[in-house]
Amino acid sequence: MPISGIVVTCGTGDADAVASRIGTMDGIEVQGVVPGDRIVAVIESDSVDGEVALFSRLHEVDGVQTVRLAYHNFEDME
Amino acid sequence: MGLSRRDFLKASAAAAAFAAAGAAVLKPGNADAADDKGIKWGKAPCRFCGTGCGVLVGVKNGRIVATKGDPAAPVNKGLNCIKGYFLSKVLYGKDRLTKPLIRKGDKMVEASWDEAMGLIASKFKEAIDKHGPDSVAMYGSGQWTVFEGYAASKLFKGGIGTNNIEVNARLCMASAVTGFMTTFASDEPMGCYDDLDLGDTFFLWGANMAECHPVLFSRMIDNRLKNPNVRIIDFATRHTRTSQMADRYVKFNPQTDLALLNAIAYVIIRDRLYDEAFIKEHVVFKKGKENIGYGLEDKFKFADEPKLITFDEYTNFLKPYTPEYVEKLSGVPAQTIVEMAHLYADRKRKVNSLWTMGFNQHSRGTWVNNLVYNVHLLTGKICRPGENPLSLTGQPSACGTTREVGTFTHRLPADMVVMNPEHRAKAEKIWGIPAGKIPAKPTYNATEMFRALDRGDIKVVWVQVTNPFQSLPNLNRYRTGARKGDGRFVIVSDIYPTRSTELADVILPSASWVEKEGVFGNAERRTHQWFKQVDPPGEAKNDLWQIMELARRLGHGNLFPYKYPEKEIWEEYRKFGDGQGKDLAPYEAYAKTRGLRWPVVNGKETLWRYVEGHDPYVKQGEGIKFYKNKPDHFKAVVWARPFEPAAEVPDKQYPFWLCTGRVLEHWHTGTMTGRVPELKRAYSSAVCEMHPDDAKRLGIKNLQKVRISSRRGTIVLPVDLNGRGKAEKGNIFVAFFDEGKLINELCIDAYCPISGEPDFKKCAVRIEKA
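Chains A and B, in that order, are what the protein sequence lines are. Mapping of the first sequence onto our numbering: residues 1123 to 1200, in sequence order. Mapping of the second sequence onto our numbering: residues 53 to 822, in sequence order.
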């Protein structure tokens, strides 16, 4: 089950609201909101496809400006 | 995966993300989790685009198990884009090539390396003996490492004695190169990515940066979040995620970028917004030939005839390009043109232009590159930190390998050309080969090379790290040509089966990325090095070994007398650029750093070229000096280039423009990303982006299948009216990643006569219900 750590950048002042929206998405666990309106989250999915789909969907969430990948572990992938 | 292991990895993921976000971990107890002692981390540039992000590759038990953004990499500071996910499986698709394969009848049969290389060498010898050295050719790639490109160039030009070496970068960056060479007499940008942090105005021209250079786009967005004054203007023919995030989306009709840039220049001059002092000191004006053709005929030849003109003559040339006239051509309101011209010239703003394939894959690609430089030169908005035109690069080493090493028919390293006897002599000396060995005449650009294979003038072609039999325009001709027999022999080195390996006579399994030691060079002149971190699978071998092995078997082993080939090639190669403004550091320096931007002089990299205080070649008091352009007294050239129509425009029979390009989820022809079943499902097959009004008019519903036809080919695809990208009326867009749907069969093989780069963005098609 691959796991990734991501950073979501929001529009000014939006981060808490965006974090709430993101937090309801299956497979995404918000870890915290940091200065600079950035959200740190962890994505878990059955497959890389699943991670990519979630990552992509985040761009459509209201208030999200950018989504970037910090860490990706796939050690149990065949 | 056990629960505790999963928790541990989640903590690691979070910790890495916190660190990259510039914040301490909120749960200090888990801070140690960031350091997984089971994994060995090594640096490398990302395998994918020309941004050249730094990645740390995590290896456990001889296999890559994790990647992370490299926090020490200045390009991306610990954060990668979505393509970072692709790295996980590029090397581990189930149908990875592991053994050489030789065609016997209809089947590809496993063979030993000795048998395969022996056969290849015999075919080379046979063709050279019967038909001469120009009957063999190499087609490589902007995804070649520097070592691979250098070795190929040395073997073909210095050993075999043919200029038949070309690369897929002819299809992506050639017009950028000729733009640089004709304007500045030197390839590659004067600025760097720091301009994205320092500037406040960004004009994007036909470049979907949010999807194709996401990390660079993120830097602009980060800048805008800190500085509300920042403006991003998206000039495009199609509405994309970039358009959504830009401050302005300015749609224009295909090909009219030429007219728009001239109109902007017209307004800048009319309204006296130009920098007279800058122009006087740093600019000359020139005019070239017009009605220059489209390269559609085999063996098409073109030579420009530049003439110096005056500022007044240039002003006169621009007279037709009034905002009102260009509004009619482009669809951009005259008022907007004036507004944009004033924005470009605004003395209080730090203005940048960015572009990639919209400008380069263009039948007047050289011209449109010249025209964007014109605007910066007229206003003096160039060679200043935060204020530059920045040509973006698509592939990870189109700069570092193909352009800097010079793996084109007419090229040698460090901007040198085979046509110049002094350049040939220098190469012959460094390579230790007899004088006169390197031929003086270029032979074929990429399109002409495959035309020559089709005609039989080229018999043997070796393809490495690229997929021409999916990516060439007017594809049917070249696919058919490859299998005509009569002495033709095609070798393809790759890591997976592709639409090119299926046409090969011999397939060689290659090592990829961190399965070999390598050097890439990115779009901001940053050269990065990496060491091998895992073994390639099966019997796969790196392309450098393959080239040197062929050399040995052809009697040219003396060209490669290396014990540590990578390092020794590097030290030999950098002799070419030393003292030429293309200086590279010793190999060890790259092993230690996250890349260095050339010229590197006395260990110091150069962020801004041509500028006093930043470029070591510009002396104190010289200010700005385009020191590579001696014939024009170290000035840059503003070119009078007209609007000329595309090679093929929509008409009654074929009423739509077809544009092709990339999608976020797949890299180019999908040979690496398509291998991953999971990724393929995310964007499983190509669709046709179309405007809803056009669909309604034709009675087509969303997701319904349509037949798209050009004069060259036809394809059936489902229509997408609600995708991330939205076509404008009269236009459709199809991505070229889908190996089951070869959209390039429809594309026209018209090219820019100066650069030889084909126009993948414009041809005429009709659409019917399937």
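Hints are computed from structural coordinates only; laboratory data are not their basis. Fair warning: there could be bad hints in the mix.
What the hints assert, rightly or not - Simulated coverage check for chain B against chain A, where a stretch passes if three residues somewhere in it have a Cβ under 8 Å from a Cβ of chain A:
| # | segment |
| --- | --- |
| 1 | 111-120 |
| 2 | 139-153 |
| 3 | 515-526 |
| 4 | 703-715 |
What the hints assert, rightly or not - Partner residues aside, some chain A positions facing chain B, computed with beta carbon under 7 Å:
| # | residue |
| --- | --- |
| 5 | S1126 |
| 6 | V1162 |
| 7 | V1174 |
| 8 | Q1187 |
| 9 | R1190 |
| 10 | L1191 |
Even for Gly, the Cβ is constructed at its ideal location relative to N, Cα and C.
Okay, the hints, checked on the actual structure:
1. Counting residues of the segment 111-120 of chain B whose C-beta sits closer than 8 Å to any C-beta of chain A gives 5, which meets the bar of three, so the coverage hint holds.
2. Proximity of the segment 139-153 of chain B to chain A, defined as three or more residues with a beta carbon under 8 Å from a beta carbon of that chain, is established by the 4 residues found.
3. Figure legend: the segment 515-526 of chain B, annotated as covered by chain A; annotation inconsistent (0 residues with Cβ-Cβ distances under 8 Å, at least 3 required).
4. Judged by the Cβ-Cβ criterion of 8 Å, the segment 703-715 of chain B is not covered by chain A as claimed, because only 0 of its residues qualify and three are needed.
5. Among the interface hints, the one on A:S1126 holds; its C-beta lies about 6 Å from the nearest C-beta in chain B, closer than the 7 Å criterion.
6. Checking A:V1162 against chain B: minimum C-beta separation of about 4 Å stays under 7 Å; hint holds.
7. For A:V1174, the interface hint holds, since its Cβ comes within 7 Å of a Cβ in chain B; the closest pair sits about 5 Å apart.
8. Look at A:Q1187: its Cβ gets to within about 5 Å of chain B, closer than 7 Å, so that hint holds up.
9. Interface restraint check for A:R1190: the shortest CB-CB distance to chain B comes to about 4 Å, inside 7 Å, so the restraint holds.
10. For the restraint placing A:L1191 at the interface with chain B, the shortest Cβ-Cβ distance is roughly 4 Å, inside the 7 Å limit, so the hint holds.
Against the hints set out earlier in the document, violations occur for numbers 3 and 4.
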